[in-house]
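Grab the two chains, each in its own frame, and use the hints to assemble them into the complex.
Just so you know, the protein sequences line up as chains A and B, in that order. Oh and the first sequence: position 318 is 318 in the working numbering, straight run, nothing missing. Oh and the second sequence: position 140 is 140 in the working numbering, straight run, nothing missing.
Check the hints yourself; a few may be wrong.
What the hints assert, rightly or not - Restricting the straight-line Cα-Cα distance to at most 20 Å, the calculated cross-link-like pairs of lysine-lysine (PhoX-like) are: (1) A:Lys140 <-> B:Lys53; (2) B:Lys51 <-> A:Lys139; (3) A:Lys140 <-> B:Lys51; (4) A:Lys140 <-> B:Lys118; (5) B:Lys118 <-> B:Lys200; (6) B:Lys118 <-> A:Lys139; (7) A:Lys139 <-> B:Lys53.
Bear in mind the hints are in silico, worked out from the structure with no lab data behind them.
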Amino acid sequence: MSRRTTGLAIEAEGLIRSFGATRALAGIDLQVPAGTVYGLLGPNGAGKTTAVRVLATLLRPDGGRARVFGHDVVEEADAVRARVSLTGQYASVDEDLTGTENLVLLGRLLGLKRSAARERAEALLAAFGLTEAGDRQVKKYSGGMRRRIDIAASILNTPDLLFLDEPTTGLDPRSRNQVWEIVRAVVAHGTTVLLTTQYLDEADQLAGRIAVVDHGRVIAEGTPGELKASVGSGTVHLRLRDPGHRPAAERLLQAALGVPVQLEPDPVALTARVGGDGGDLDASEQAARALSDLARAGIAVDNFSLGQPSLDEVFLALTDHPAVSTDERDDQLEAAR
Amino acid sequence: MSNAATTTGRAPSVYVPSADALGTVLAPGTRPPRPSALSASLTFGWRALLKIKHVPEQLFDVTAFPIIMVLMFTYLFGGALADSPRDYLQFFLPGIMVTSVVMITMYTGVGLNTDIEKGVFDRFRTLPVWRPAALVGMIIGDVLRYILAALVILGVGLVLGFRPGGGLPGVLAGIGLLVVFSFAFSWVWTFFGLVLRSEKSVMGVSMMVLFPLTFLSNVFVEPGTMPGWLQAFVKVNPVTQLVASVRAVMSGASDPSSTMWTLVWSAGFVVVFGVLTMYRYNRR
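So here's chain B without its partners, still in its complex pose (with noise of 0.2 Å):
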């Protein structure tokens, strides 16, 4: 890690403009057509795994953040809440996995601020594309990161003793009805990364969302024994719905109407803060 970066070791060359140079890159082609709204948004995609592939850092938050999780509460509650953790594992993996991923799901609107910070973003805003590619390429980008950290969280479970009754199949569609619902619920956090002046703001309000919606569901216990008004909320909470229909395809069977309802907030989420999303966007 030289930051010298400059000085190769020979002479640095000294750059002299050449106007015949210069000129070639100057004369005006034909200009391409813009590109589609998907062709854009893959392109954004594509510099979101290249930043993955500059700085793999910040894959930390998806590999072993998730595993701490896993493996903390497992044993932590395991034998308290369940015969043996290996019991507690059965129930307890597909609400760890959707609580791990939802938190993660933050770091879009951080990173998002960043990138206005550093002045990036003024340039992708001058382009003539579809305005919310640059947005939709960045979540894409997010995504990948969902699964990789949906998949750690499956293999360290495995490992320690989860059985799905659902099989692949129904390991799969789990993970799918995840990604969906993080996607829908990451335009929540590009609204505030741009409303919000700094990352550290962004960072405080997402924990004060984050904390109440995963913790106060049906994540690490079944609501059965909350008091009235908590389990009120427990029951409207988006996660509850997300990780019932989880945890029901992943062992086999269905829940159609938690199912419906995490589709039905991703939907919602999607269009509410997507769209105060793109008028920030545009305002700013």
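With the rest of the complex left out, here is chain A (with noise of 0.2 Å):
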């Protein structure tokens, strides 16, 4: 236990860093705290990747300078190696390889011995439930499963900082929450988590504190509760039965919330902002008060739902422009590489 360290896991200040012409970082801050889940959260093409490759060792900054535990991510990159594991957003464990030798492989790199590699492969696969798997090829898992190697293969030596690159992307939403659950578990032992999400939802359900990050600067960075105070803690979508009510709606809605009304594309649907700084009711009161206001004035709703602010409406708060996934930025990064 003396290994895990009180303080700060990562340290980061003013990082930089270029692919030819893209700054894919424009001088990023970090402090994460240990023992700890950390969200970097942000579109794709944001910098988030080229961060935790940069902290990670895998990629040199152009400029600043990160430290992992008190190690320079540049000087000392091997006593960082020594302590942290990186969960990829592609595979990275060896698709052609079972699920076993996967394992074995790495415990024998760790420098465990042959017989201990194997008796730790065959405990992880029966924690992340892979023991039948474990004899089959990495390519014929699911996406669930190989997920679940990928951080079985990160936790092989228990570092003391995990990166998970995007861990839930494209996964199922039980996979996903397998996925947490891990996550859970693994902090719980003391490693800090360093994770990137493009999900408002996945962060705040992990992370004790979250960075925004966009165009490779944090752009806000607090605890959940903190940034969605800052942006308002909901967001109210009401679709009418008649489109002819729509501006009675708007009025209502508008002096029960007192928070400006959007008009949707569709005819029927309005959205509305509640929950933001200021109120003495919360997101929930607000919005049944305003339900029970259209009710009186006989306008028929046919669908009303009360949810979390989205990334987009988290972006649009914090930087006046939409969370834009810029994939062609993310096609020129790996072009540059």
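Okay, structure coming up:
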């Protein structure tokens, strides 16, 4: 237990990294407390993966500096490597090998004797529900199983810091919940987790603190509660039966919620942010009041929902531009590597 | 070959992560000391063997390709360049063995490029092991392929009537020289495998280098009939030196000058391209 460090797991100051003409990191500052899950939230191309690759010693920064448990990621890369593990966005195990072979291989590379590596592989497969799949090639695994073998490989040496780069992208809801449970167990045992995600609810579910990343910079940082408070804690979506009622509904909602109401392209739909700062009612109370006002005015509502602000809405609020997934930019970054 | 490997006939049991089970594997143990450079390289070599076991098709290029090369050129040129294919074979076999194996070295670069595309090298690069181990291990695996190819060619040669004067020791020494050179030459391809963007471009560059290198040599004919400028190239070509030394030891003689140059070239490839490769590997 003594090798767990209290204090900061990651300290990054002004990290800069460009690929050709594209600036992937434009001066990122991060302070990640040890023993917590820290979320990097942002759209594709925001620089999350580049940041993780720099912190995991895979890429050198062009400028700025970063320390992991006090070790510089460039100068003392080996000391950093001894304490971190990375589960990348793409399979970071060998698809041609079986699950068991992958784990034994990594165990041997981490210095375990042959028999110890085999025991460790079996224990990990059992804990991750992969015992039966142990002798199958990883390329034949389902998406959820592949994620699990990936994470199992990453905790083989119980790292002090685990990087999870979009661990649930492309997973079905059940597999996603499994990954969340695993992340909770990992952090409960003292490993710090740096998680990147495009989903606010994922960051909200897991992370103690979140940094919102856009165009290679941190544009907001705080606990999920603080972030949501700054954005408004929820969004009301309404669909009316009769499009003719929309102007009346808009007026009523505006009066009840005290916020601007947005008219959607769909002629029966309206949305409004609720639970923002300053109100003395929470989001659900505000929404309930609005709903009863509509009922009293005889405006029929077909569909009503109160949801968390989406990443898009967080972005809109923080940057005045929506969270565009810059896929082309990703491709450029890929090409520039 | 079923793709639906997750459906095993029974209803697939749903995995429920249990905090207890995860707890047992998450308890921090003592960390073993990091493995030695040799041990790490051999472990990566084991990975190469496992890949051969799971994808045996990749042995096609070290078995079928060399057999075709030997048969094709022996009967194509044998009658024209010597009295008979059998006579030509005594001169030609060491040369075609070198040509085939040196050509196979390019798959080192192709394989590395594919590995990197798939992302598994990202994990290897975050491991606290001797840095070149992943590449050395990969080449150790390839060396086994080179030995296999050389033995296949030797076998075909013996069947067709190749009778080396050096006997078993001579043949083994020849194969040894060839393997040393090919190990060294593989570092050229690890470099290109890291620098070039796609598998296709690695193939393209390899072909452009390998064709002149193997054909503009003493493999097929004695250089005496070539124009002077070509002789000049053939003379400095490392493949020429290698073929001359392999041919000599297999026939029971020795060619100290060619052998020395073969070893000098080999050392040069490892030093120059090994350093370039590691520079790129660390900088990616």
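Unsatisfied constraints (hint numbers, rising) = none
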